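**Q** Chain by chain, the residues:
There are 2 protein chains.
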Amino acid sequence: MGRKATNFESMKIKYIKAAEELFREKGYDDISISEIARKMDMSHGAFFYYFKSKEEVMQAVIMVSLKESEKYLKALASDGSMSAKEKMQLILTITVGALKEEQPFIDFVRSPANTGLYREYLMRSREITIPPVTDIVKQGISEGSFRVEYPEETVRYLIYVFENLTDAIYPLKNDQECHRRLRALEIVVSKFLGVDEGEFTLTEQVS
Amino acid sequence: MGRKATNFESMKIKYIKAAEELFREKGYDDISISEIARKMDMSHGAFFYYFKSKEEVMQAVIMVSLKESEKYLKALASDGSMSAKEKMQLILTITVGALKEEQPFIDFVRSPANTGLYREYLMRSREITIPPVTDIVKQGISEGSFRVEYPEETVRYLIYVFENLTDAIYPLKNDQECHRRLRALEIVVSKFLGVDEGEFTLTEQVS
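If you read the protein sequences in the order shown, they are chains A and B. Letter by letter, the first sequence follows residues 3 to 209 in the numbering used here. Letter by letter, the second sequence follows residues 3 to 209 in the numbering used here.
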């Protein structure tokens, strides 16, 4: 029984990973259950043993990716070998670099068809993100590199900016505009953390 | 025909204003069409001559209030008698002061039942807010009181913070926590605009 449950869960994870990769490549709407099944080398019918619908596998993709972010951020916050500035630059690089390929997932959670999912996702994402990033900011304060009076509150406001970043960057067709927005974001992040402008680089991330 | 259309529109506006007042007082869920009719001194049935449902009158309330914000912000931006700093303080005071009574409207646009309305509201609200606030920031730069390198982009990011402010403030039961969040916001706004801390006061607004 235990073994069976484990197999079921590990197969589910394989489906989730396969679906995630396909959604990232081609977007949510353009991927069918048959394509997920094909990638898994399984029959179309077998899919329904694990998930009720394509929506359900997408929701699972999103929840698994939130869990992975949580694990990653916790590990990063407690990593003793990196400075807070290095940690923050890494988070920024990953976040901005992923904007384009995250778009199918953001479109999905915001879609009117997914009633309530966006708020749930947002609340969960804040719960996961705020504590470790606050720890990194506190590390920066004690290292003397960040000047922030209210770390938790400041991180919360900074995260509100990042949550909406795809709205600021994604619709731009023009590289120059995109560069301006990222340049402005570099300055905003530097001001939030009380570091000199130019400490963080974001403009190299999107092309 | 012209007269009739005008009467229809002006009655509609009266319904919208009456409903708005009731929603602000008691929240959306606790107000019935009968109560709106009673406030208007009209029959229950007459309501349906103007609106299909309580949802429809609420959507109209929201759209009318966006139009009023637009008008107000445009007039404020082009007002020659106030400094940019005074204008910005006024916007902040009104925004933070209205947080509590705006809550029924924010809950409504975010509710899973109103699929799609939140994004529509958000996009429209940004369209309305960003240009006049950018003009005020540019005024502040030319007056030498604000130091902002990318006015439009900076205003955009600042607005992302304010859009989520009810999430930061409203759930707090504790006055002290609320004070910390507003104090942190004062600092964030000052940093965004490149002014000294203490130039703007928000902590007096919520009690």
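Worth flagging that the hints you see were computed from the coordinates, not collected in a lab. As the structure is a prediction and not an experimental result, all values here were calculated from the model. Hints may be right or wrong, so weigh each one.
It does not matter which identical chain is used: a pair holds within one copy or between any two.
Claimed, not checked - With a Cα cut of at most 35 Å, we get these calculated DSBU-like pairs of lysine-lysine:
{"hint": "1", "residue 1": "K193", "residue 2": "K69"}
{"hint": "2", "residue 1": "K14", "residue 2": "K56"}
{"hint": "3", "residue 1": "K175", "residue 2": "K140"}
{"hint": "4", "residue 1": "K14", "residue 2": "K69"}
{"hint": "5", "residue 1": "K14", "residue 2": "K87"}
{"hint": "6", "residue 1": "K6", "residue 2": "K140"}
{"hint": "7", "residue 1": "K193", "residue 2": "K73"}
{"hint": "8", "residue 1": "K175", "residue 2": "K14"}
{"hint": "9", "residue 1": "K140", "residue 2": "K54"}
{"hint": "10", "residue 1": "K41", "residue 2": "K193"}
{"hint": "11", "residue 1": "K140", "residue 2": "K193"}
{"hint": "12", "residue 1": "K28", "residue 2": "K140"}
{"hint": "13", "residue 1": "K87", "residue 2": "K56"}
{"hint": "14", "residue 1": "K6", "residue 2": "K175"}
{"hint": "15", "residue 1": "K16", "residue 2": "K28"}
{"hint": "16", "residue 1": "K193", "residue 2": "K14"}
**Q** The structure should be examined with respect to each hint, and the outcome stated for every one.
**A** Structure-based check of each hint:
{"no.": "1", "hint": "K193 to K69", "in the structure": "both (30 Å within a copy, 33 Å between copies)"}
{"no.": "2", "hint": "K14 to K56", "in the structure": "within (13 Å within a copy, 43 Å between copies)"}
{"no.": "3", "hint": "K175 to K140", "in the structure": "between (38 Å within a copy, 25 Å between copies)"}
{"no.": "4", "hint": "K14 to K69", "in the structure": "within (15 Å within a copy, 49 Å between copies)"}
{"no.": "5", "hint": "K14 to K87", "in the structure": "neither (38 Å within a copy, 56 Å between copies)"}
{"no.": "6", "hint": "K6 to K140", "in the structure": "neither (45 Å within a copy, 65 Å between copies)"}
{"no.": "7", "hint": "K193 to K73", "in the structure": "both (28 Å within a copy, 32 Å between copies)"}
{"no.": "8", "hint": "K175 to K14", "in the structure": "neither (38 Å within a copy, 41 Å between copies)"}
{"no.": "9", "hint": "K140 to K54", "in the structure": "neither (44 Å within a copy, 53 Å between copies)"}
{"no.": "10", "hint": "K41 to K193", "in the structure": "neither (46 Å within a copy, 50 Å between copies)"}
{"no.": "11", "hint": "K140 to K193", "in the structure": "both (16 Å within a copy, 19 Å between copies)"}
{"no.": "12", "hint": "K28 to K140", "in the structure": "neither (40 Å within a copy, 42 Å between copies)"}
{"no.": "13", "hint": "K87 to K56", "in the structure": "neither (40 Å within a copy, 52 Å between copies)"}
{"no.": "14", "hint": "K6 to K175", "in the structure": "neither (50 Å within a copy, 47 Å between copies)"}
{"no.": "15", "hint": "K16 to K28", "in the structure": "within (19 Å within a copy, 49 Å between copies)"}
{"no.": "16", "hint": "K193 to K14", "in the structure": "neither (44 Å within a copy, 47 Å between copies)"}
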